[in-house]
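If you read the protein sequences in the order shown, they are chains A and S.
Per our numbering, the first sequence starts with residue 1, numbered consecutively.
Per our numbering, the second sequence starts with residue 1001, numbered consecutively.
Heads up, some of the hints might be wrong.
Not the full set, but computed from the structure, chain A residues with beta-carbon under 7 Å of chain S [to be verified]:
| hint | residue |
| --- | --- |
| 1 | Tyr-61 |
| 2 | Thr-63 |
| 3 | Ser-85 |
Every beta carbon over 12 Å from chain S, so not counted as near; a handful from chain A, in silico [claimed, not checked]:
| hint | residue |
| --- | --- |
| 4 | Gly-26 |
| 5 | Cys-68 |
| 6 | Gln-70 |
| 7 | Glu-77 |
| 8 | Gly-81 |
| 9 | Asp-86 |
| 10 | Lys-108 |
Note that these hints are calculated values from the structure, not bench results.
Backbone N, C-alpha and C define an ideal beta-carbon position, used for all residues, glycine too.
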Amino acid sequence: MSEKFSKAISADEIAPGGMKAVELDGNEIVVCNCGGKYYAVQRRCGHMNAPLDMGTLDGIYLTCPMHCAQFDITNGEALSGPVPSDIGQEIPPPFLGQYLQNIGMLMKHVHTESIRTYETKLEAGWVRVRL
Amino acid sequence: MSQCKVNIESRKKSLHYFFEKVVEPLGFKFTPDVEMMNFLLEQEVILEGRHGIPFCPCQPLRNDRVRDMQIVCPCIPFHRKHFDEIKRCWCGLFVHKDVIDPDKLPQLPPKEVKNE
């Protein structure tokens, strides 16, 4: 881990309860404003790499937009895996049915891992992140 | 289900956070019986790990999507009349805000509830 804190984003660019993605030295990071306290986590979901900044932040809980896996932004801990989807009662066309079956079979083996967190500090109106 | 190693205590805490936001506007709160609350939340975390969804721990799953979705915790909106009459939900995780002692609440089957 680097000793220095890199300038990530101006603090007033993220409203309380909001988050924004930034790229720092090739690292994709989401900076979250949780009631005036800033947290930084890796941008990619610990399940299937979806961009977490497109999900929802509620308090310290970040929900992935893709399969609704949830994470605690204070420590990156994975709190739940994906929520199973449902295509309803309609029987899909054979090709699509086979495709969905294959996807389902592959997804069974995908683990949901915790996400990386980064130390942050607020300095002169900027959120700084330690890579 | 996909695999996710969940810390039960952390997940209980987050479910508590989310559920409170849902039940509070409906006039309910978590049961004051903390031991029971912890036990029920733990069961829901286990069910979520198994099915991906925190179903009510006291209701059976029937492989009927529509019916099963009506027992996703907190299931208060789907069974409001019954719960308002008995001042608690079926498993007892939630009680009406005015309830102090949940053990004194009556247990009424749905057919004995007015207007059910």
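For each hint, the structure was consulted:
1. Tyr-61: For A/Tyr-61, the interface hint holds, since the closest Cβ of chain S sits about 6 Å away, which is under 7 Å.
2. Thr-63: Because about 10 Å separates A/Thr-63 from the closest Cβ in chain S, which is outside the 7 Å limit, the hint is violated.
3. Ser-85: violated, 9 Å
4. Gly-26: holds, 28 Å
5. Cys-68: The claim breaks: A/Cys-68 does not keep its Cβ more than 12 Å from every Cβ of chain S (closest is about 9 Å).
6. Gln-70: violated, 7 Å
7. Glu-77: Label violated. Min Cβ-Cβ 6 Å, cutoff 12 Å.
8. Gly-81: violated, 3 Å
9. Asp-86: Not fine: 6 Å to the nearest Cβ puts A/Asp-86 too close to chain S.
10. Lys-108: Per Cβ check, A/Lys-108 is inside 12 Å of chain S; nearest 7 Å; violated.
When held up to the earlier numbered hints, the structure conflicts with 2, 3, 5, 6, 7, 8, 9, 10 and fits the remainder.
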